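S.K.: Chains as they are written, first to last, in the numbering used here: chain V, 27 to 350; chain A, 55 to 358; chain H, 4 to 260; chain Y, 271 to 573.
Derived by calculation from the structure, the hints in this document are not laboratory data.
Any given hint could turn out to be false.
Claimed, not checked - In silico DSSO-like cross-links for lysine-lysine, where the CA-CA straight-line distance does not exceed 27 Å: (1) 207(A) <-> 48(V); (2) 342(Y) <-> 20(H); (3) 158(V) <-> 207(A); (4) 537(Y) <-> 493(Y); (5) 48(V) <-> 107(A); (6) 374(Y) <-> 342(Y).
Just so you know, these numbers come straight off a predicted model, no measurement behind them.
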Amino acid sequence: MSSPIADLTYRGYDGPLGGVSKRWWAIAKYQIKKQVKNRFLWVLMAASGWYYAIMIIIFFFLEQMAVNNGPQGEQALKGFLANIVWKDQFLLGFSFGQFLFFVMTWILGAASIANDNRANALLVYLSKPCTKADYLLGKWLGIFLPLLLMQLIPTLFFWLYGMTSFASYGFVGAAGWLILKMIPIAVLGSALSASVILGVSSMFNQGRIAGIVFAGLYMVSNFFTVFVKIAILFQGGHGRSRIADIPPALLNLFYCSIDGIQIAIAKNILGTAGSQPFGGGGARQRMAEVPVPSPIFTALIWLALCAAGWAIAWRRVRAVEVVG
Amino acid sequence: MAVAEIRGLTVQYGRFTALSDFSVDIPEGCVGLLGPNGAGKTTLIKTILGFVKPATGGGHVLGADILREGPLIRQRVGLMPEQDCHIPGMSAVAFVAYAGELAGMPGNHALRRSHEVLEYCGLGEARYRLVETYSTGMKQRIKLAQALIHGPKLLLLDEPTNGLDPRGREEMLELIRSVSHGKNVNVIVSSHLLPDIERTCDQVIVVAQGKLRAQGLIKDLRKVEGAPIDVELKEENPKFMQALQERGVTLLSAHRNIYRVQGKGLPSDVGKIVFDAATAVGTQVRGYDLAQRSLEEAFLEVIR
Amino acid sequence: MEAYIFSAALRDMLRPKRLIPWMIVVVLIAVVGAQASNYFEGATAVQKYGLLSSMFVFRLVALASAVFSTAVIAQEVEQKTVVYLLTRPVRRWKILLFRTLASITAVIIICVLCQLCFGALVLGPSKMFGATFLPDLEAIVLGAAAYGGFFVFISLIANKATTICLLYAFGAETMFSNTPGSLIYGSIFGHMSGLAQHPSLPDGNGGALKLLAGSMGDNPIVPSTAVPAMILIAAVFMGIGCFWFSEFEYLPREDAE
Amino acid sequence: MIVFQEASRWYGQIIGLNDVTCTIPTGVTALLGLNGAGKSTMLRMITGQIRATTGTVSVYGQTPFANPEVYKLIGYCPEIDNFYEHMNGFQFVEHLGRLAGYGKTEARERSRRMIERVGMADRAHKKIAGYSKGMRQRVKLAQAMIHDPQAVLLDEPLNGLDPVGRREFMQLLQTFSEDGKTILVSSHILFEVEQMTSNIVLLHRGRLLATGNIGVIRELIDKYPHRIRIATTQAREVATQLAGLPYISNISFERDGLEIQTREPDKFYDYLPSLAVQHGLPIDGFSSPDNNLESVFRYLVTN
Numbered sequence: 027m028s029s030p031i032a033d034l035t036y037r038g039y040d041g042p043l044g045g046v047s048k049r050w051w052a053i054a055k056y057q058i059k060k061q062v063k064n065r066f067l068w069v070l071m072a073a074s075g076w077y078y079a080i081m082i083i084i085f086f087f088l089e090q091m092a093v094n095n096g097p098q099g100e101q102a103l104k105g106f107l108a109n110i111v112w113k114d115q116f117l118l119g120f121s122f123g124q125f126l127f128f129v130m131t132w133i134l135g136a137a138s139i140a141n142d143n144r145a146n147a148l149l150v151y152l153s154k155p156c157t158k159a160d161y162l163l164g165k166w167l168g169i170f171l172p173l174l175l176m177q178l179i180p181t182l183f184f185w186l187y188g189m190t191s192f193a194s195y196g197f198v199g200a201a202g203w204l205i206l207k208m209i210p211i212a213v214l215g216s217a218l219s220a221s222v223i224l225g226v227s228s229m230f231n232q233g234r235i236a237g238i239v240f241a242g243l244y245m246v247s248n249f250f251t252v253f254v255k256i257a258i259l260f261q262g263g264h265g266r267s268r269i270a271d272i273p274p275a276l277l278n279l280f281y282c283s284i285d286g287i288q289i290a291i292a293k294n295i296l297g298t299a300g301s302q303p304f305g306g307g308g309a310r311q312r313m314a315e316v317p318v319p320s321p322i323f324t325a326l327i328w329l330a331l332c333a334a335g336w337a338i339a340w341r342r343v344r345a346v347e348v349v350g
Numbered sequence: 055m056a057v058a059e060i061r062g063l064t065v066q067y068g069r070f071t072a073l074s075d076f077s078v079d080i081p082e083g084c085v086g087l088l089g090p091n092g093a094g095k096t097t098l099i100k101t102i103l104g105f106v107k108p109a110t111g112g113g114h115v116l117g118a119d120i121l122r123e124g125p126l127i128r129q130r131v132g133l134m135p136e137q138d139c140h141i142p143g144m145s146a147v148a149f150v151a152y153a154g155e156l157a158g159m160p161g162n163h164a165l166r167r168s169h170e171v172l173e174y175c176g177l178g179e180a181r182y183r184l185v186e187t188y189s190t191g192m193k194q195r196i197k198l199a200q201a202l203i204h205g206p207k208l209l210l211l212d213e214p215t216n217g218l219d220p221r222g223r224e225e226m227l228e229l230i231r232s233v234s235h236g237k238n239v240n241v242i243v244s245s246h247l248l249p250d251i252e253r254t255c256d257q258v259i260v261v262a263q264g265k266l267r268a269q270g271l272i273k274d275l276r277k278v279e280g281a282p283i284d285v286e287l288k289e290e291n292p293k294f295m296q297a298l299q300e301r302g303v304t305l306l307s308a309h310r311n312i313y314r315v316q317g318k319g320l321p322s323d324v325g326k327i328v329f330d331a332a333t334a335v336g337t338q339v340r341g342y343d344l345a346q347r348s349l350e351e352a353f354l355e356v357i358r
Numbered sequence: 004m005e006a007y008i009f010s011a012a013l014r015d016m017l018r019p020k021r022l023i024p025w026m027i028v029v030v031l032i033a034v035v036g037a038q039a040s041n042y043f044e045g046a047t048a049v050q051k052y053g054l055l056s057s058m059f060v061f062r063l064v065a066l067a068s069a070v071f072s073t074a075v076i077a078q079e080v081e082q083k084t085v086v087y088l089l090t091r092p093v094r095r096w097k098i099l100l101f102r103t104l105a106s107i108t109a110v111i112i113i114c115v116l117c118q119l120c121f122g123a124l125v126l127g128p129s130k131m132f133g134a135t136f137l138p139d140l141e142a143i144v145l146g147a148a149a150y151g152g153f154f155v156f157i158s159l160i161a162n163k164a165t166t167i168c169l170l171y172a173f174g175a176e177t178m179f180s181n182t183p184g185s186l187i188y189g190s191i192f193g194h195m196s197g198l199a200q201h202p203s204l205p206d207g208n209g210g211a212l213k214l215l216a217g218s219m220g221d222n223p224i225v226p227s228t229a230v231p232a233m234i235l236i237a238a239v240f241m242g243i244g245c246f247w248f249s250e251f252e253y254l255p256r257e258d259a260e
Numbered sequence: 271m272i273v274f275q276e277a278s279r280w281y282g283q284i285i286g287l288n289d290v291t292c293t294i295p296t297g298v299t300a301l302l303g304l305n306g307a308g309k310s311t312m313l314r315m316i317t318g319q320i321r322a323t324t325g326t327v328s329v330y331g332q333t334p335f336a337n338p339e340v341y342k343l344i345g346y347c348p349e350i351d352n353f354y355e356h357m358n359g360f361q362f363v364e365h366l367g368r369l370a371g372y373g374k375t376e377a378r379e380r381s382r383r384m385i386e387r388v389g390m391a392d393r394a395h396k397k398i399a400g401y402s403k404g405m406r407q408r409v410k411l412a413q414a415m416i417h418d419p420q421a422v423l424l425d426e427p428l429n430g431l432d433p434v435g436r437r438e439f440m441q442l443l444q445t446f447s448e449d450g451k452t453i454l455v456s457s458h459i460l461f462e463v464e465q466m467t468s469n470i471v472l473l474h475r476g477r478l479l480a481t482g483n484i485g486v487i488r489e490l491i492d493k494y495p496h497r498i499r500i501a502t503t504q505a506r507e508v509a510t511q512l513a514g515l516p517y518i519s520n521i522s523f524e525r526d527g528l529e530i531q532t533r534e535p536d537k538f539y540d541y542l543p544s545l546a547v548q549h550g551l552p553i554d555g556f557s558s559p560d561n562n563l564e565s566v567f568r569y570l571v572t573n
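So here's chain V without its partners, still in its complex pose:
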């Protein structure tokens, strides 16, 4: 007996309802959707590949020269390529992107839990069939996946350029499989950043403050990295490297920062200590690079930082406070 006048008062919901597991995906999906709409992030991503971009431009001009100027140009290109160690280029690109990765992490993650804390959003999450683990995993994935994507895209772009333009110069053999190494590097690096910012964000109830603290943490820890760099560059002041004079324990300080540990991962996985940017330096006056750290050292710091981030977040997010 349906009435011709529709009943617009409240009615129950009889539509489909999913199971109560995998709620984390709903959270992650929302986070990611929100993040990818942020155009500024894409700009930052493009900027983070600045080293690759400059290299591509240099290569492009040298190639043009080789095409237009005949053997002379060919010579110049070959000379330049001789100085280029491909895996070092990936290392450099990744290292030089670090600051922008940091900014991206900040934007992606600083507010993730902090703003929820302020708005009591946890009450909404936990009064639905979401557990604390769902919540944290969802938030973490919401930072990790976009960050991973944005770390990989410039690398992938450079690799594709290499594959298409320098296949005949031995790129495939020397660097063709490097992309497979860059993936775990980006995965580990993004996981680290995401875990740390998750922990920091959970400690505050204003995204702004969490961001400042994360930046502070980054800057302070980066002080070690910068300090070692300066020590290497300026020590003695005579332009010659005294890296051998610096005790290894102190050199390892280089890796004791958020940037440093990611560079350490990259060095471990790529298996190179790196070289001067833009193929510079050559044999003439090689500024020594900080040597590859022991993989165990790297793994320990990485694990400790990730665990710390998660542990803090786990402690700070309290399911018990849902009511009252």
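Knowing the structure of chain V, use the given hints to seat chains A, H and Y on it.
M.R.: Frame of chain V; chains A, H and Y shown alone:
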């Protein structure tokens, strides 16, 4: 058929016992949950949501076990928390839809129903606005909307009128009444404002010191022994008492301009005497009814 | 009364939860400083100490001032508890003045501790109370006062005071003190260095560190002008601050619904 | 004595209070109004946190803005739920007592007394961070009264208290008012106000709508139409009698009686006894849903 049955539940936080050997059957319909602060009300709500790890005892909510099936319970129950809460940076409609997705609704269903529920909660025109910009009254409404989105069979409302002004309170109570009556939604309202409970609920559960103190219809709780009558005068009038006593009506108590009297015979007979007495002393009767305790009086007596 | 405002504020600012992180920073600075001092050839211990304490200890004064000055009023406004302060039978300027003094004292305590640790590690316990000690102490005390007065005033008038203060201390001042010309007179840090008169490193040494220590340009400031200048800065800004705080409304924000 | 003289206050373009003139006498006065009606603005002006944009406010003859003399005379219990959370309740009250100018021993003694008076003696040494809403309200009240002020201003003090606490709180206010203090309570829980006081100041959108005591409210009640329910077994006979009265505008029948509507309640109530006494009709009871503050309020703010 009870909405929730709890059997022999003891919950302890450290040395503090929040609930001790607590058993209750929460009936269908709209039930008021009363109790002073620290009485175990909050713990009971947590129990119904499947959040507590009791020392002993157990129970079922909507057929799901409170010890093992917490998430399942929370999919069937909607909670409107006491504190302000929202998810920052979202418009109302996105927020409520997201809450639906969190409860397991597919995205498109959630969005459709989000519009419907917001419309119903009186936020139809403000649904595209950011929740942060909402006023207190609107924030209460959106909390209700996010609790209703997944069509729960049981709705828990924790202080739903907190911070609302008289107009907002009335609208909120009207909303609660309309969901709880004839829509097949069971409601548990916890509130310190007893008149709100009086207006929305048929039954109450009174909890104090971790124990169930009373349970039953509000009507029964408010009954007064011996059926006396309350007479309200326009103004206080001491002569009125005397006039009553002369006519054989005993005065039980007087509070400002309200007099509780006990006479013999039917209410209408007593009424005649009262009118007569009032006319004799030249005062005006403004109200005349079978005495009822306010729910507040009843409550204070039960928990004492 | 005034004594109570001061001591209560000081106790609050130096309660363990706040003090412990600062102590960690102090120890960290001392350790890093001691490590760093191993890497300058041909410089005496005093020269190294001078460079590094300008770089670390004096910077800590600015940093701590920026943080503690917000605890004077801005934080109370933010957490809305300023209402309790404003409705007490005390003149408002007294509240501000004595809380400011408390924050300056807190900064001095932390920075002097840092100076002591730093001196003990870089110069060694026997030499740390040498010729540099008193001028440095004076620079820290007066610097804390000048920064404190200035930053508290900023925190009264601006919303994001900490950011502004840090930008001033680490951005503008670094630039002022590294550029030639008279800009350096506008830098509290410049006055502190002028007062401390740290000897500079021999030529060709230090490089980028000199930039951080703010000793690239020549510092024309001498102690006899630095002392009155810093006292003046502190007094003027405290004065304006007291006036401002007494005359203007301090409502917790976001309440005009 | 708190006096407003044509006082107005704007926040930028937003209106807080618009041209209010009134006097708040000793005893308990309730400040009523919807959200945003200007209640908090009014209290902030009295406590000298903000100035009047135009007009004047005077508290015991003095201008309150940043005036320590005024703060000696008034105590303020703000609406905010913010404290120095790391302190315990006792420390909080003592701290504010010291700031009120008392020495250590005196402040301690006063805090102890106040805390006892607000019923927090057993819980005062727990951290405020762990307090429930009710405990917070009590601590806030204790700090407002520590210096034994002449006037106490309370912004929504009953919010979040449970019925037991509320009753105690109201009794507490009653004892203060019996001591001859001025107490101004803002609230929007009207049934509580009714129990607390007979004096009201009603604000609506910044304007002063009504002020006065229960007598004024009575008159207000009588000025607008009333619905009155009459319980009787002979509804139709009663209706026949009433139908002839000029001030009855509507009669409807209900399950156990009838409901009438009248434009002049006073006259109707005068007439009513004659139904029972002269016409011998059985009146089992009668009551009016409009006979309370809540409906006066609704009436005033919707017109």
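S.K.: All hints, please: hold or fail.
M.R.: Status of each hint after checking the structure:
Pair hint residue 207(A) plus residue 48(V) holds up; C-alpha atoms about 23 Å apart against a cutoff of 27 Å. At most 27 Å may separate the alpha-carbon atoms for a hinted pair to count; residue 342(Y) and residue 20(H) exceed this at roughly 34 Å. The hinted pair formed by residue 158(V) and residue 207(A) meets the criterion: a straight-line CA distance of about 24 Å does not exceed 27 Å. For the hint linking residue 537(Y) to residue 493(Y), the alpha-carbon distance of about 11 Å falls within 27 Å, and the restraint holds.
For the suggested pair residue 48(V) and residue 107(A), the alpha carbons sit about 23 Å apart, so the restraint of at most 27 Å is met. Restraint check for residue 374(Y) and residue 342(Y): the C-alpha separation of about 18 Å stays at or below 27 Å, so the hint holds.
Checked against the numbered hints given earlier, this structure breaks only hint 2.
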